[in-house]
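There are 6 protein chains.
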Amino acid sequence: MMKTRADGRDAKTLRPISIETGLQRNPEGSVLYRCGGTTVLCSASVDEGVRDFLRGQGKGWVTAEYAMHPRANPSRQSRDGRRSSGIDGRTQEIQRLIGRALRAAIDPKKLGERTITVDCDVLDADGGTRTASVTGGFIALAMALDGLRKRGLVGPGVLRAPLAAVSVGLLEHVPLLDLCYTEDRDAQVDLNIVATATGDVVEVQGTAEDEPMSRPQLDALVSLGIGAIPTLFDAQKAALAKVGVDIARLLGQA
Amino acid sequence: MMKTRADGRDAKTLRPISIETGLQRNPEGSVLYRCGGTTVLCSASVDEGVRDFLRGQGKGWVTAEYAMHPRANPSRQSRDGRRSSGIDGRTQEIQRLIGRALRAAIDPKKLGERTITVDCDVLDADGGTRTASVTGGFIALAMALDGLRKRGLVGPGVLRAPLAAVSVGLLEHVPLLDLCYTEDRDAQVDLNIVATATGDVVEVQGTAEDEPMSRPQLDALVSLGIGAIPTLFDAQKAALAKVGVDIARLLGQA
Amino acid sequence: MMKTRADGRDAKTLRPISIETGLQRNPEGSVLYRCGGTTVLCSASVDEGVRDFLRGQGKGWVTAEYAMHPRANPSRQSRDGRRSSGIDGRTQEIQRLIGRALRAAIDPKKLGERTITVDCDVLDADGGTRTASVTGGFIALAMALDGLRKRGLVGPGVLRAPLAAVSVGLLEHVPLLDLCYTEDRDAQVDLNIVATATGDVVEVQGTAEDEPMSRPQLDALVSLGIGAIPTLFDAQKAALAKVGVDIARLLGQA
Amino acid sequence: MMKTRADGRDAKTLRPISIETGLQRNPEGSVLYRCGGTTVLCSASVDEGVRDFLRGQGKGWVTAEYAMHPRANPSRQSRDGRRSSGIDGRTQEIQRLIGRALRAAIDPKKLGERTITVDCDVLDADGGTRTASVTGGFIALAMALDGLRKRGLVGPGVLRAPLAAVSVGLLEHVPLLDLCYTEDRDAQVDLNIVATATGDVVEVQGTAEDEPMSRPQLDALVSLGIGAIPTLFDAQKAALAKVGVDIARLLGQA
Amino acid sequence: MMKTRADGRDAKTLRPISIETGLQRNPEGSVLYRCGGTTVLCSASVDEGVRDFLRGQGKGWVTAEYAMHPRANPSRQSRDGRRSSGIDGRTQEIQRLIGRALRAAIDPKKLGERTITVDCDVLDADGGTRTASVTGGFIALAMALDGLRKRGLVGPGVLRAPLAAVSVGLLEHVPLLDLCYTEDRDAQVDLNIVATATGDVVEVQGTAEDEPMSRPQLDALVSLGIGAIPTLFDAQKAALAKVGVDIARLLGQA
Amino acid sequence: MMKTRADGRDAKTLRPISIETGLQRNPEGSVLYRCGGTTVLCSASVDEGVRDFLRGQGKGWVTAEYAMHPRANPSRQSRDGRRSSGIDGRTQEIQRLIGRALRAAIDPKKLGERTITVDCDVLDADGGTRTASVTGGFIALAMALDGLRKRGLVGPGVLRAPLAAVSVGLLEHVPLLDLCYTEDRDAQVDLNIVATATGDVVEVQGTAEDEPMSRPQLDALVSLGIGAIPTLFDAQKAALAKVGVDIARLLGQA
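Residue numbers (the numbering used here), protein chains in the order written: chain A, 344 to 597; chain B, 344 to 597; chain C, 344 to 597; chain D, 344 to 597; chain E, 344 to 597; chain F, 344 to 597.
It should be emphasised that the hints constitute simulated quantities derived from the structure, not laboratory data.
Don't take each hint at face value.
The list makes no distinction among identical chains, and a pair is therefore deemed to hold if it is satisfied within one copy or across any two copies.
[Stated by the list, open to error] In the EDC-like style, the derived pairs of lysine to aspartate or glutamate whose C-alpha atoms are separated by at most 20 angstroms in a straight line are: (1) Lys452 to Asp353; (2) Lys493 to Asp431; (3) Lys580 to Asp390; (4) Lys402 to Glu554; (5) Lys580 to Asp543; (6) Lys493 to Glu456; (7) Lys453 to Glu371.
Just so you know, these numbers come straight off a predicted model, no measurement behind them.
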């Protein structure tokens with residue numbers, strides 16, 4: 344059994360979520376996504392055309408870029424991408440995960456030969472920045488898709504599955520949902536899960552930094568993560584509804 | 344004589360300004376500065392110590408970094424600083440200007456051996472991003488200075504002169520204040536001016552892209568720019584007052 | 344039900360493994376690891392001292408570098424790390440995984456303030472290069488640890504848990520073990536698992552490129568992967584025994 | 344009132360100028376420009392065609408590159424452009440200024456779709472390297488234009504306005520013309536002005552490093568700078584006449 | 344007169360050579376070449392087409408890349424090409440030499456518009472890595488050429504001259520053949536020679552690090568080097584014969 | 344037998360040499376060296392101290408940097424060192440040669456722990472730029488050594504051997520001295536030789552681009568090159584004498 348967490352939550356409760364759209368005026372989808380002390384500015388940009396390796400196949404592409412604001416953390420770090428040796432490994436790993444996850448949400452044939460780039464700029468980092476980027480990035484993506492739909496450029500079914508992401512971890516052998524930075528730092532196991540609103544798994548990444556996890560522990564973590572997706576989806580759906588985006592219509596269910 | 348401008352302003356009117364503080368929680372000063380269609384997120388970070396070339400002189404340093412969000416413009420551009428050949432020339436030129444301007448606002452001896460870095464991230468670009476960075480950056484800087492003052496680390500006079508910046512230009516031979524993107528693009532002369540609240544000039548940069556300006560034209564542009572600084576200063580002062588920062592106290596006048 | 348695979352294997356059979364040690368004479372551990380058409384040259388190098396962030400804590404560090412030979416694939420690619428924009432994202436993601444996995448195998452306190460770097464150079468790539476790097480890299484690591492042990496520099500228990508890695512995937516809804524390149528390319532789900540000889544999970548990374556996986560599918564894949572670890576461990580143990588390395592002794596069990 | 348300056352000049356006197364043409368044999372214009380202790384090798388190269396963003400508009404382009412010789416200063420510095428992180432900010436800022444200034448000298452339509460690159464290599468640096476680059480660079484540019492004229496490729500009017508540049512500054516509140524390095528280092532205000540032979544302003548850049556300048560101070564500096572341009576122009580014209588280049592003909596006035 | 348060398352050889356004896364083909368399965372030619380303590384993995388890759396500067400002339404191209412494995416030496420070095428400032432000078436100098444040498448072996452017209460890239464990865468370095476790369480690289484190149492011949496893509500005479508390379512040096516004024524690392528480090532003169540099986544010189548590079556060499560010393564070194572080529576050629580020919588490559592046929596002599 | 348060469352020389356004649364000192368005022372040695380159509384600006388800079396790998400051994404170091412002016416050739420090339428992927432291979436190879444050659448001229452113990460950097464900037468390139476850099480660079484080096492001598496910082500013998508360099512080549516089977524660009528481009532063999540005034544060889548680099556050279560051809564080329572060194576040395580000595588540098592004194596022979 345576990346005492347209350349630092350911020351008063353119990354083990355299976357998400358941090359408070361706030362979603363603000365339209366901070367930026369240029370992107371086709373713009374979302375300021377906050378969960379607890381983590382804030383990510385997600386913007387979706389639509390460009391006609393795809394990269395060379397996809398050209399001529401009639402398929403679209405979704406990709407992501409992730410960047411840490413130099414002062415997203417308690418002390419200032421050098422600006423992402425301005426170090427001499429290219430983008431750092433952690434950034435690359437994260438933005439590849441976000442891109443893969445968001446691609447799984449759409450039907451590339453129905454998107455057609457266009458590219459949607461989802462920029463995820465972390466303004467405040469307190470754990471879970473990659474899962475917040477996926478969850479917030481999905482909202483920006485849906486806004487962009489709905490814009491295309493309203494202009495008659497894509498049809499129903501372009502959205503294949505709404506999805507969200509959350510982190511879980513083992514701390515003192517207790518499975519915890521939605522780790523903040525200090526919990527993440529101390530966790531024996533850290534696992535990120537991306538899943539659809541209906542509980543199917545798009546991506547799972549778990550690392551036992553310290554001590555391997557038993558199979559039952561892995562299963563418990565996966566269950567805890569999948570179980571939180573519907574709550575995240577409700578928040579996404581509500582934010583999208585406020586700006587007139589109906590997910591059901593994008594899915595071809597309405 | 345000049346017809347009304349695209350957005351209905353007359354030649355000598357600033358675009359509407361909006362200033363929101365505290366969007367980020369980590370920086371010592373955080374400001375979302377908007378003027379018309381331009382939005383800049385300014386954050387001031389305090390670090391103890393200074394760069395090597397200043398060490399041991401008992402003086403502080405203020406520097407700035409400027410970055411364009413990839414979707415600050417109508418079409419997405421590659422992410423600042425991730426191109427293969429380093430930071431581009433325009434970015435470097437702008438961030439050097441912002442840094443020089445903000446350094447002129449403070450008394451380095453009274454700051455002591457610490458560095459304040461002002462990050463200016465342009466979220467939406469519609470002309471005047473460098474002057475908005477100076478004007479918004481000053482607010483973030485003042486918040487950071489006031490934090491140091493409240494902790495007893497700096498005394499009155501650490502702020503030497505409040506300052507703001509504005510662009511002016513010649514379009515069809517008419518001097519215009521605070522150009523938006525399309526005006527800036529078409530202007531015969533583009534001039535940026537950084538000045539103190541009392542009208543002294545900190546930096547002036549004017550370029551005749553097309554046709555050289557006569558001396559009277561230059562003088563008229565400088566007058567138009569300097570004349571707008573008090574209005575900008577009033578907006579800065581009001582925003583700072585809302586978060587309990589009294590400029591007079593930082594100046595040592597209260 | 345599934346027809347026989349391209350190379351005649353059934354769904355739950357590993358590709359043939361061959362392990363040759365000592366190809367290089369300088370590294371403290373040198374292994375040429377082949378599984379099917381994939382060949383990885385793994386070399387473990389011991390350096391006294393650790394990186395700055397670990398100094399003074401009495402702990403060691405294990406890290407990995409992964410590089411693709413330019414002609415590891417059917418057509419030549421540009422040489423890893425000589426592109427203008429730094430190491431590519433896939434390489435970074437993979438070498439971070441290998442490093443994390445191998446760190447989990449050792450007790451950093453018992454290693455002491457020294458660094459073991461495991462270089463994994465893929466000479467032929469036919470799927471499963473990252474799991475082959477972990478499995479082969481473990482052998483090189485154990486050789487290096489045993490060298491330290493023989494010189495009296497580390498004691499029993501420096502090895503915490505022998506581990507190996509394998510890929511699994513869903514192809515036409517059938518879970519397959521140890522995918523070759525063409526299977527990997529066509530798989531609906533691709534999952535890599537790193538686990539200890541006793542079946543505890545060190546890292547799990549699963550991606551549904553195409554269609555999300557149901558929870559039972561995820562569970563089946565994890566089981567298939569964990570089930571193959573003992574066979575890999577037997578091969579590792581045999582190869583190590585040939586060069587006089589007794590895993591039990593490194594574990595402190597002999 | 345001001346005592347005599349270090350080199351015996353009074354406040355309003357330029358340093359001695361020497362202009363040598365033809366040091367390099369390949370460039371269409373080659374000038375070794377010295378003013379006091381500053382020496383710049385300026386070379387103008389003509390290439391047919393323009394960059395992508397200008398193609399098809401029938402307009403030419405003038406651009407500049409600025410580089411500091413590693414031993415242009417009292418102690419050797421690392422070679423420009425060979426540092427790991429690209430060209431440094433000061434270099435970029437300066438070469439952008441030179442390019443803008445020289446573009447203002449020509450009529451792009453009359454130049455036609457060709458590019459003139461003016462390389463400015465500082466061989467000795469004693470203050471005023473950017474203004475020397477503009478003044479010397481103009482001579483190289485005029486030589487290149489005259490070569491095109493003699494080959495019948497451009498007509499009269501391709502040169503719109505001869506121009507030169509000079510630095511001015513405030514030192515102990517006295518406006519000084521054409522600062523050497525130590526004066527520049529100690530100046531309260533440093534202002535560079537590019538102007539036509541007839542006194543119209545092409546570019547003005549003034550920075551108050553230390554203490555803002557009053558409006559009358561700014562005006563006095565601008566007047567001092569503009570007043571020196573005719574002397575510079577006489578030197579340019581004389582050097583060009585020696586190699587048979589008649590500016591009046593390029594201007595279409597002869 | 345000279346005492347026996349560290350490894351028991353006399354002054355005019357090569358180190359033992361071992362040649363293994365087929366370690367990699369993808370390259371058109373794959374050779375693991377060892378001489379003494381130096382091991383180089385050479386792989387030849389054929390690509391249709393040539394670089395821009397050769398296109399349309401009906402000629403082929405041979406080029407080389409040289410890379411040092413991070414643990415080819417007694418202590419680990421950072422991985423080739425991952426330093427921030429590009430490929431280092433020594434690497435570039437060496438791979439340019441290897442490429443030039445191997446190009447001299449073939450008739451570019453008979454190769455036709457295709458490119459053969461010979462990758463030379465040094466796995467263990469004990470002196471003579473560049474000459475081993477040429478000698479081993481030639482074998483890989485011949486394997487690739489023979490593959491093209493068997494597919495009817497190139498005819499006899501595509502190989503113009505078989506060649507090999509060796510280092511010689513002056514140590515305590517005695518000419519030595521095939522220096523190992525410690526000899527190379529201490530040598531007064533270090534000279535590399537690439538020559539054909541019939542004794543014509545393709546490349547000679549000699550450096551007197553310490554004390555200039557007299558003309559008779561230079562002549563003696565060249566003679567010693569050229570004299571060793573036939574032995575190297577015999578080893579090359581035998582290795583090629585084992586995999587069914589007949590050099591005479593490639594030369595058009597059979 | 345050979346007809347007269349393009350510029351009227353016979354096969355064994357050097358191009359006209361001109362040597363101007365003092366173009367730059369800051370370097371300890373400054374030489375503008377011309378031979379035929381090739382012009383190199385050589386500057387020698389003295390810094391106290393040596394690189395890490397030499398520290399504490401009481402030895403000095405001589406190094407070189409070579410750079411091609413963007414307009415040293417008939418068409419403008421991109422500026423050396425500003426390409427994205429670091430310094431190019433040819434540049435690196437050349438500057439390593441120059442540095443090695445000039446190091447051979449001095450006695451590192453007598454130089455003491457200081458570094459002399461010889462910058463070689465090619466202003467016009469018409470063949471032989473690397474040998475001109477060595478020959479001209481030697482003059483700049485001797486000027487710098489003499490300055491140290493006059494300040495009492497180094498004694499006689501700091502110069503071990505005056506040296507110069509020249510290119511030779513085989514064109515239509517005729518050995519030619521001091522190739523210009525077109526001859527170099529068409530030569531079957533290109534060989535550079537660095538030798539002392541007394542005919543000992545410091546460096547020899549010969550490449551048969553097209554057709555291997557026979558041993559007698561190699562010997563003839565070496566003889567032709569060595570034979571030209573005294574003429575080059577006379578020119579060096581005369582130029583040095585004009586600025587009061589007596590080589591005999593640096594050698595300890597006067």
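These are the hints, each one checked on the structure:
1. Lys452 to Asp353: neither (43 angstroms within a copy, 33 angstroms between copies)
2. Lys493 to Asp431: neither (38 angstroms within a copy, 37 angstroms between copies)
3. Lys580 to Asp390: neither (25 angstroms within a copy, 41 angstroms between copies)
4. Lys402 to Glu554: between (43 angstroms within a copy, 16 angstroms between copies)
5. Lys580 to Asp543: The answer is within: 18 angstroms in one copy meets 20 angstroms, while 38 angstroms across copies does not.
6. Lys493 to Glu456: within (17 angstroms within a copy, 43 angstroms between copies)
7. Lys453 to Glu371: within (18 angstroms within a copy, 42 angstroms between copies)
This entry does not satisfy hints 1, 2 and 3, going by the numbered hints stated previously.
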